[in-house]
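Residue numbers (this note's numbering), protein chains in the order written: chain F, 1 to 647; chain B, 1 to 105; chain W, 1 to 472; chain S, 1 to 495.
Think of the hints as simulated: they come from the structure by calculation, not from any bench. Just to be clear, a hint being listed does not mean it is correct.
Rough simulated footprint, nothing fancy, chain W against chain B, three-plus residues with beta-carbon under 8 Å [said to hold, decoys possible]: (1) 17-29; (2) 62-70; (3) 88-94.
Each residue gets a CB set at the ideal place from its N, CA and C atoms; glycine is no exception.
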Amino acid sequence: MGDFTYTIWIFILPIAAFLITGLFGSKMPAKVSGWIGTASITVALMLALRTAYQYFIQVGFVEGHRPTVFAYKEVWMNFTETLTFDMGILIDPISVMMLVVVTFISFMVHVYSIGYMKGDKGYYRFFAFLSLFSVSMLGLVVATNIFQMYFFWELVGVSSYLLIGFYYDKPSAVAAAKKAFIVTRFADLGFLIGILLLSYHAGTFDFMTLVSEDGPLLAQSAPPVFMGLSIFGVALSLIFIGGAGKSAMFPLHIWLPDAMEGPTPVSALIHAATMVVAGVYLVARLFPAYHGVDGGVVLNLVAWTGAISSLFAAIIAMTQDDIKRVLAFSTMSQIGYMMLSLGVSGMEGHHGLGYMASMFHLFTHAMFKALLFLGAGSVIHAVHSNLMSDMGGLHKHMKITSWTFLIACLAISGIPIFSGFFSKDEILVAAFEHNKVLWAIEYIVAGITAFYMFRIYFGIFWGKRREYHHTPHESPMVMAIPLMILAALTMVVGWAIPFGNYVMPDRMAYHGHIEWSLAIPSVAIGALGIFVAYIFYFKETSLPEKVSSAFGQSYGWAKDKFYFDEIYQFFAHKMMFAGVAAPIAWFDRHVVDGFMNGVGWMTETFSYLLEGWQSGKVRQYGFSFVAGLLVILFAVLYLNGFIDFKG
Amino acid sequence: MIEGITVYDVLAVSTIIFFIGIFGFVTRKNLISLLISTELMLNAVALNFVIFNKFLYPGQIQGYVFSLFLIAVAAAEVALAIAIIISLYRMDNSVDADDMDTLKG
Amino acid sequence: MNNYLLMRDEFVLLGIILLLLVAEIMLIGKNRKAVVGIATGLFIVHTLVGFLPLAEGTMFGGSFRTNHLLHNMKSIMNVGVVILLLQTWTWAREEWSHKGRVTEFYFLIFSTLLGMYYMISSGDFLMFFLGLELASLPVAGLVAYDLMKMRSAEAGVKFILMAGVSSAVSLFGISMIYGISGSLYFSEIAQNFHLSGLGALGLLFFMSGLAFKISLVPFHFWTPDVYEGAPVPVTSYLSVISKAAAVFALAIVLFLIGREFVSVWKPAIYWMAVLTMTVGNLFALRQKNMKRFLAFSSVAQAGFILLGILSYDQMGMTSVVYFSAIYIFSNLATFGVVQVISLKTGREQMDDYNGLYRTNPKLALVMLLGLFSLAGIPPVAGFFGKFFLFMAAAAHGYYWLVIIGVINVTISLYYYLLVVRAMFLRKSDTPIESFQAEIPVKIGLALAVVGILFLGLYSPFYDFILNLTTNI
Amino acid sequence: MDILSLLVVIPVITVLVLFFINDNQMVRIISALGIGIETILTLFIAKGFMAERAAGNSSEFLFTRDTVWFESLNIHYFVGIDGIALAMLLLTAIVLLAGIFISWNIEDLTKEFYVSLIILGTGVFGFFISLDLFTMFLFYEVAVIPMYLLIGIWGTGPKEYAAMKLTLMLMGASAVLLVSILGIYYYSGMTFNMQEIAQMEMPIHAQRFFFPLAFVGFGVLGALFPFHTWSPDGHASAPTAVSMLHAGVLMKLGTYGAFRVAMYLMPQAANEYSTFFMGLAAIGVIYGAFGAIRQTDLKYINAYSSVSHLGLIFFGMMALNKTAYTGAVLQMISHGLMTAVFFALIGMLYGRTHTRDVRKMGGLLKILPFIAVVYVIIGMASLGLPGLSGFVAEMNIFVGAFQNPDFIHRVFSVLAVSAIVVTAVYILRVVGMMLMGPVKNEAFYKLPKAVWYERVGALLVLLPVIAIGLAPMWLTTLIQESLGHIVEHLAAYGH
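Extracted from the complex, chain F is given alone in its bound form (with noise of 0.2 Å):
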């Protein structure tokens, strides 16, 4: 099968990356750091793509499906006998998918960032995190069980919140981090008692085991324990929670948007293709459990937590002035597509189409929105701002980051020859026949997504020119080069890429063809989309306005994100902080503290009380004297029975 332990050096490298840049970066010259970071995860890309070339072409098919192959696994900590947590490499369609899209993307973004972030003080630690990422994102991907995914996955949400929180002086910076992670802590708790409960239940972690046909989980059919769900049940959901907080699905995504204070090659490389995606990962890798366990009930949490996200998402898209925070919603929305599309996926042949479409999407997705971020990054680095408003005919001034952007704003839209259209093409086609509502809902996404992405571009590049007071120019060739190849390629991959010989649920070959009775009313919703964005913004017009002022109040709750943030602000300060906090410290201030203290007072008023015993006065020692004795006599006379008071 193949020998894969070559593959270790894809974590090693960038490891040594993190160490070097991150102990002595501050004593080198801050290039140094730069070239090392790059250098590691180029060695690391190529070999991500032999292992892909060695595991797709070499080793191909085994007995019609594609093997899962483990390059390592050893026992990292035994917690029973039986019960190991384990660290491993694991290679397997999906794995070496990612494997290919996080070296990809990170290198890309490592060269973006070498021109991006020139001259910042921060200079070798912005790459000694951009490696640690790296690192976590990878162990992430190729765990051989789900307690090694979650050590990863937190050290992803640590990486993040380092990255997010990287301008520090700046206190929004401070904040949104500190919410990243503690929203995605939140989340990691419900996934960590999935593990546990699936410690106990299912007796392993290993995923080979949970997802095998005669594994703990799909082999008997447990009582229903909770709301309908078996104890199996409520473990996965819970497992799907820690996945939608960290992918930002609905009722967790509060933290995205504001994410968006991290440095933009940041946002480029988690808060769009490696990160968010986690979530949907961890739905594929369980994939056959979701699918067995409950007759499937939990995939329909997932995939309508993935529309209502989706929707939730595009419509606040549309009314944002800040453009990283479109690309966040717009982000927020198509992950919300991937969940769907493996929400309503099945598992043999056909029926996997939207596993598959929901894994292309995702390979597409990566690419495509790396480059709309990258394109913004260049932008801002030019403008020294984030808002739509201050932009606005750049076309003339950025050639290169305007080309690109269209051509990623095409493939967004799902219009043909782009990558996008054949991802999310199959997974209209797939929700279409598994569930019509879901399918209408993604339709109508499907077109606000053409119009936002349109409003920017239009917004951005043409529209008024505005008078800048010095002209904004094209950013360096290290900029650029990293746009170009991320567009060629968006342009390439929808068609090049056979995904479904490669990555499918039963892992067979599956040969799917276009689908034009559904493409065809998706490309024109999308051309809708980009037509009405091009009336309202191409050029100078009050139109916008007036349609917003038209649409009155709700279009002022969705600029404020349905004021989600404030009502977790609630949640978390008043109810959490004063609500919860304040009682216990009060609490423990006076009544516990209160307690060991009056204990202490007692004593002392106690002794006070019997000051007066000790008179001074020879004549009442005398009294007490014969008194006690007389008192002492008869009660010992009493407890000896010779004398009873009963007369």
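Go by the hints and put chains B, W and S onto chain F.
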């Protein structure tokens, strides 16, 4: 012994004397009267010994010997107590038991 | 037939007393300061002689009896008095230089000690009564020793009157016991002294006399006033030696005649222990004067000793003797320091001790060790003493008493730490200026500290006492 | 003189030597030397222990030595260590050495400070090596009493009140412990030897009466929920090295004792009370975490976080299975190291900024990079970041706790697990307020960087935290071997 008088009657007398002594110690104000009450108690006890020896154990003399020693010791004690009371009086020229309560608390 | 050698200790002590009297007469006019040296030296000789082994036996028809336990109890007290005399060296010298009379002090000390000897080794109530009185009356003289000070006289009066009442009550008890059992000899009493109401009354009244001297709660009222009023050496003597002797006497007498009255005196001692520990601690919490503070601390310690007596078996007796020995050493350490300081600066309030460590560290360390030993903190000996007392009580299932005792240990730790706080934590602008004590006083303090540090860890000491108590 | 008793003898000799030295610098060197030798000896013992285990010697306690002390009362000086005790000894050695370095700048009464600190260390070393209840209890009290002087003289804030409260509560707890030791002694045939007692089955009614006393007696020192009030005040007022040693090591005395004496000797009662105490511990975990959120004084935050982590240890122990036990012991070690570094850092910060109020400090990451980075790493360790020791310990405890399908256990376990979120909140709140954000006070720019002895002290304790976090296998096997005997013993009577 006089007929008709049992050990209990005489014993009652000596116990009454004893408790008079105690009562005296508790109620009287003057130091000397306190001393007198202690002496009263000691003598009542000496009486007790003699009574028991006479009435219950005529054959032996332990009770009598004991009361003799007791009287001797009581005398010594009174002498000492008077000496201290006088020295107190010389310094404080008052013999009232209640204003001797500087040491208290 | 009476082997007079049995009373060797008593005779040697009597000899010393007479020698002192003669010395008093001989040295009129000349410098009688030497008496201090002579008396201490003689007593050290007496103690060394006391260490020599002594045969067991009785005299005067059983009225005086001695065995290894009694003999060693006396030598424990001797060691205590030696340390005390060393510590009062400067006080005695000054007593002589101011008031020109010091032999009376030694005369009274030794005679009370003689009384205690007789009290312990008495075989019958007559000898016991004489020993008790001989141990009480001279103490009144000692207490009222400072003729110049009103406090001393007041303390003396209080002591003598209360002593009178307690001996009267105790004798009343003895007369009742005599009335029932028809004899004064403990051995005969033990045969025909059977459980009866009047017997219970007699025994309790008798015990009150001893309870007075050990200062158990309902009978302890004289202790704080007398301790505060009397000069410091006398207070130290009272709290250390006279209390230990009374404890020994109580234990022995209860062993001899209390066999059948167990159901009478055990509950009494149980509740007196609870009362003594608690009331002693509660009063000690508030004290500001060091002497009064240590008075209540000694009252509380007496409560713990009762735990040992309560267990009424060989292990109980051993723990009582062991604890008393350690109690003597710890008290001598604390009282030694109080004595040196009050003699040099006349200051006895606890706040005067603020910042003591910064001016004279060695004194503060001695005080610290003494207090920790009283509080029962390892590795000093007090911990072992207390632990074995609790073991003795727990052996008989008195778990609730042990719990009360243990709570009281914690309360006692609080007020012992108050002194430690004053010495170490607090700073003061008028601390006790650093000074050097005289050699003998230093030796006295050093001996006490050695006793505290090594008596506990050195286990053969416990085993030695254990095989002493095989026959009581 | 066997090796283990050397552990007690060396500090005593150091103290005696210190008595005759008056120059402050000399005192520091001598004590560093003494404890340095002690640490080397501990490492040497660890190596010997490993070799012994490797050579297949699977007896429960190694290096055992039994000499009679009070022959008539059957009290022996019986010493011996197993895997857990060895881990505790290593922890003590490291934290004590770090503490000595950290308190290099104590000027007032330096000699007395180091003497008391080393006496405290002696007590702790003695406690961990002794297997005889009497000697264990003696060392336990020797370890508690110097706290009064250490906090009272060199402390800050309401030091006298805090010192008195701490000492009284701990000595009160040891008093309760004394009662239970006596109970165990008499109900198991008059012996203090733990191995014999474990074989002897104590009558169940005695166990029911004495187990809570012993558990609470030790629990108070381990800041078990309702008895933790001394910990915030005590730690806030104590000088750095003392709170390092206290929170890092002395609290482990409580948990180790509760585990070794209360549960090992009275298994039936341990099983009966397990649900109750597990609930108490779970509340403690949440209670401590929430308590820490409100605090603004750094030391109070750390004190409450210690209450929460200690609660986790008790929780792990009361889950009564091998994994949870391993987790509890791991947590003891990891929390010991973490709190030590936390207090060291707080000491350094307080030494410079003369304030412990988090709101007054800001933007220190730029000014004091070394201290800030170490603080972030240790903060991450304490909230259970994988790759650091906190994660390893907590995961063991949680997996162990979930092995019991009983509903109440599940509720308590979920309660304890949810503490990881609350811990994250207060750790990040402090890191956000103190290290990040704009510099609030201009004077902070001139603050001096970390000095050599501060770096040594902090790194000395930080490296093991990372080592355990990355490769826990060597430690877990060591602990699991020694736990084997105990868990079988407990399981035999358990559910």
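Here is how each hint holds up against the structure:
1. 17-29: holds (count 4)
2. 62-70: Answer holds; 6 residues pass the 8 Å Cβ test.
3. 88-94: holds (count 3)
Violated hints are absent here; each numbered hint is respected by the structure.
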